[in-house]
Amino acid sequence: MIRLVPRTETPALLQVVTPVLAVLATMLAGGLLFAVMGYDPVAAIKTIFWDPLFGPAASYSRPQLLVKAAPLILIASGLAVGFRAGIWNIGAEGQYIIGAITGAAVALTAYPAAGMWIFPAMVIAGAAGGWAWGMIPALLRNWFGASEILVSLMLVYVAQRIAAWMAFGPMKNPEGFGFPGSRNLQQYPAAANPELIPGTGAHWGVVAAVLAVLATWFLMSRHIRGFHIRAAGAAPRAARFAGVKPETLVAFCLGLSGALAGMAGLFEVAGPAGQITDKVGVGYGFTAIIVAFLGRLHPVGILLAGLLLALTYIGGELAQLTMNLPAATVQVFQGMLLFFLLGFDLLTRYRIARRITA
Amino acid sequence: MIIDPIALFLLLLSASTPILFAALGELVVERAGVLNLGVEGMMITGALAGFAAAYHTGNPWLGFAAAALAGALIAMPFAVLTQFLLSNQVASGLALTLFGLGMAALFGKPVEGVKAPAMASGPLDLNWIVWLGLGMVPAIWWFLNRSRAGLILRGMGENHDAAHALGYDVRRVRIAAIAFGGAMAGIGGAFISIATVLQWTEGMTAGAGWIALAIVVFSNWTAPGVMAGAWLFGGVTVLQLRLQAAGVRVPVQLLSMAPYLATILVLVAISARQKFSRRAGSAAPGSLGQTFHALR
Amino acid sequence: MNRRQLIASVAALTTTSLAMPGWAQDGPLKVGFIYVGPVGDGGWTYQHDQGRLAVEEEFGDRVETTFIESVPEGADAERAITQLALAGNQLIFTTSFGFMDPTINVAAKFPDVKFEHATGYKRADNVATYDARFYEGRAVIGTIAGRMTKSNKIGYIGSFPIPEVIQGINSSFIHARKVNPDVEMRVVWAYSWFDPAKEADAAAALLAEGVDVILQHTDSTAPLAKAQEAGAIGFGQASDMAAFAPTPRVSSIIDNWAPYYIKRVGQVLDGTWTSEATWAGIGDGEVVIGDITDAVPAEVKAEAEALRDKIGAGEYHPFTGPLNKADGSVWLAEGEVASDEDLSSMNFYVEGITAEIPQ
Chain R
7 MIRLVPRTET PALLQVVTPV LAVLATMLAG GLLFAVMGYD PVAAIKTIFW
57 DPLFGPAASY SRPQLLVKAA PLILIASGLA VGFRAGIWNI GAEGQYIIGA
107 ITGAAVALTA YPAAGMWIFP AMVIAGAAGG WAWGMIPALL RNWFGASEIL
157 VSLMLVYVAQ RIAAWMAFGP MKNPEGFGFP GSRNLQQYPA AANPELIPGT
207 GAHWGVVAAV LAVLATWFLM SRHIRGFHIR AAGAAPRAAR FAGVKPETLV
257 AFCLGLSGAL AGMAGLFEVA GPAGQITDKV GVGYGFTAII VAFLGRLHPV
307 GILLAGLLLA LTYIGGELAQ LTMNLPAATV QVFQGMLLFF LLGFDLLTRY
357 RIARRITA
Chain A
5 MIIDPIALFL LLLSASTPIL FAALGELVVE RAGVLNLGVE GMMITGALAG
55 FAAAYHTGNP WLGFAAAALA GALIAMPFAV LTQFLLSNQV ASGLALTLFG
105 LGMAALFGKP VEGVKAPAMA SGPLDLNWIV WLGLGMVPAI WWFLNRSRAG
155 LILRGMGENH DAAHALGYDV RRVRIAAIAF GGAMAGIGGA FISIATVLQW
205 TEGMTAGAGW IALAIVVFSN WTAPGVMAGA WLFGGVTVLQ LRLQAAGVRV
255 PVQLLSMAPY LATILVLVAI SARQKFSRRA GSAAPGSLGQ TFHALR
Chain Y
351 MNRRQLIASV AALTTTSLAM PGWAQDGPLK VGFIYVGPVG DGGWTYQHDQ
401 GRLAVEEEFG DRVETTFIES VPEGADAERA ITQLALAGNQ LIFTTSFGFM
451 DPTINVAAKF PDVKFEHATG YKRADNVATY DARFYEGRAV IGTIAGRMTK
501 SNKIGYIGSF PIPEVIQGIN SSFIHARKVN PDVEMRVVWA YSWFDPAKEA
551 DAAAALLAEG VDVILQHTDS TAPLAKAQEA GAIGFGQASD MAAFAPTPRV
601 SSIIDNWAPY YIKRVGQVLD GTWTSEATWA GIGDGEVVIG DITDAVPAEV
651 KAEAEALRDK IGAGEYHPFT GPLNKADGSV WLAEGEVASD EDLSSMNFYV
701 EGITAEIPQ
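Residue numbers (my numbering), protein chains in the order written: chain R, 7 to 364; chain A, 5 to 300; chain Y, 351 to 709.
Just so you know, these hints were derived from the structure itself, not from any lab.
Virtual Cβ for every residue (Gly too), placed ideally from N, Cα, C.
Hints may contain errors.
Said to hold, decoys possible - Pair ranges (Cβ atoms, derived):
#1 R/P200 x Y/K472: 14 to 20 Å
#2 R/Q193 x Y/P461: 15 to 21 Å
#3 Y/P461 x A/L259: 44 to 50 Å
#4 R/F183 x Y/V687: 18 to 24 Å
#5 R/A49 x A/V84: 44 to 50 Å
#6 Y/P461 x R/L217: 35 to 41 Å
#7 A/L136 x R/V26: 47 to 53 Å
With the hints as extra help, turn the sequences into a complete structure.
In structure tokens form, the structure reads like this:
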């Protein structure tokens, strides 16, 4: 009989080995799937994991990894702070959408003015929009005890409909021949978020993601608030006796993660995505929850997990392109990868002991 | 009155059936203390499996049975992850959605473009599955409130440690609940493919699973509440389409936001009542979404 | 290698190969497609993929086609199109309106790759646009609808209130009323191109309003399934939806991209491709009226086919005056024909449709 005993500390080796094991397990199971579907498993796995990094077009796809991973990392860093404290914001998708809308609103109002102030104002507006959307569940929890998990999730649906309303109504491009969608901000230099150095893929969102990783690392390991957050997550009652006000933490964590998600939305809409449409929310907010857990709620882990997920997206496209692998096969493969990563994570949190039965 | 209210209500009954099934299933899962965000993945799996079985056997009923089975099966990786491997339920549920959508798309290729066998309708010209869904409401109410098994299940949702201390097998009950939730979501999905569209197409559930999650919150975790929620969410869609058909201008996007705002209001009202009057309301199960790990 | 070098080298490759007249002998012409939905959607994307297969059929070893499916509009589209260009595709079809700006962006970086964007309005030296005159087909099925309705109410399920869909509503209404002056049109917007459950609800709402013929500009078969339940009729949309023939599906309006794709690939192969805006209809075989079943009386079928042939031969334009707008103002005088500019930005109903277009 075996049983699981929680670890007080995770050996550094396991931290590294478990994700590798999970990826290997996915390769085995996924390879089997590919073989059953009639595709060369080795070639498929190489295309997904190797080619985006070192394949023939890697000089293009490597920077694209950053573009795809940046919003995931930016959002997940904020979410992880709250998750550490036991505060469950699962509505980052909504905060992302609202941030994109409020940020774009600044640009569309200013259009066609030029000015150095426009882009910074958009970033602030995007962060403020996401923050405000995150504060709704925070306040409802603090005032009425409403579950932030559920309120934040409900607000995603509301945000999606606001986006559709904006794309068809107030924000519709007046020069767009009646088609839904706002002006393209890529074509409005004062508001655009282009590549900073051509060929690197790095736009302001990538910079912000790196800063977010550094800042949350500092917060969690060097700052008193980070200590409070960890204390509240590990032993809520003890933390309260130590003078940590739960209300403050709830507002801080939801506000922070909302602001980061809102910024991610703004950087996307001003950069790679370009415009507000009814499909402005493409799921980064939900995928970021997975990234936060795959990264074990640790800033560095999140950085790596975000890049890994971005790799499978881009590798999946390459597999479609070069091997005619259907998109669905790639999706199943990604689902498997997540299952394995989540499952193998057990080893880092618990150790397996033999139950002594009399 | 430009619209016949009775005819509208009959439309509503059909339209709300998929989300009613899925939400009733999720209700039982959440009452057991598990938050499964993979409803969409289980619904689409049921839609495919049900359609394929109905098509190949020519019997829609076998289709619904297959849908229930497939929905329960696809939920098993989630059950193993959350119950044995102690993974986070939110992340595992999202992974289940991705996995289910992918699997259904992959295995659906052979039945693209063919049509499901016809189904005889029941009283009032409504599909028998509509009636089955309505019948499930009191059945699940009875199970949760009057049966011993339901009492145990609810106890686990409130406080899994206490239930464990009393000697109940928390894991086994929760896995059963997750399987039931998968089966119900599967039937809901199959209603779309077998009874509504009569064909299989990729992505055909188009977000219904996410609506089901909202309905459970709206319901305040009761079976009659789920029915009311399904009617509200389905009703807003049916009503706005019906008004459009009658030539009335409706602000579609704003109207479709309303049920979600109503859900938040309900949630806040119930939470506030619980917080301020210390009444034993029946709001969210105490252990919802938390990982259970028996130390002994 | 930085991006500029990379692009330069790719560009050099493409120019050298294209400059040679006997280029086809160097290897197959690589043609790429990106799709907004899955190939299995049974509608819009499925029909584009049928066009791709027709290209393979036509040219055999001289071409090699690839596609990426289910590409979200926005940032992902730009990356997917770039990947297609980097993989050596010489001609790339981007098959959704939302791919417009990404296509233009990528085309600027690959001046020697040819791009074809469906349904958009932005062109460049290496970006052509193409679209189908669906309203021509709508005129034909509108005629059948006007003849077949007994309640004199026909329903139309619209996806989004954009010019293309509004053209279809107007065209089918004009021709339904031409053969049946008592006909009324009810319009329901689903705000989705594909959402079976909602399309079914929309059809049910129309049927409850007394409609007995349903036209749809959404991609699923759900409205046909509802029509079948209620004993009403409908038409296949995008694909033939033959599984629902002979009734409720009495005919269909099919997107047939094959002739255009074959023509354009052929032009690249023989070096005569130029950037242009193509808007083809029944005459070019791009819009096809599917088999009209026996559920339709022979004389109605003959009438519909005659109209189809007249439009196809260019003898008749579905938007020919006198036509007024819904607000009563004059749009086209007697004998006047609508200009393409008017059509491509159409945002009004014609006289007789009482509903308003949501703004």
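Any hints this thing doesn't respect? Which numbers, in order?
Hint check: 5 fails alone, others pass.
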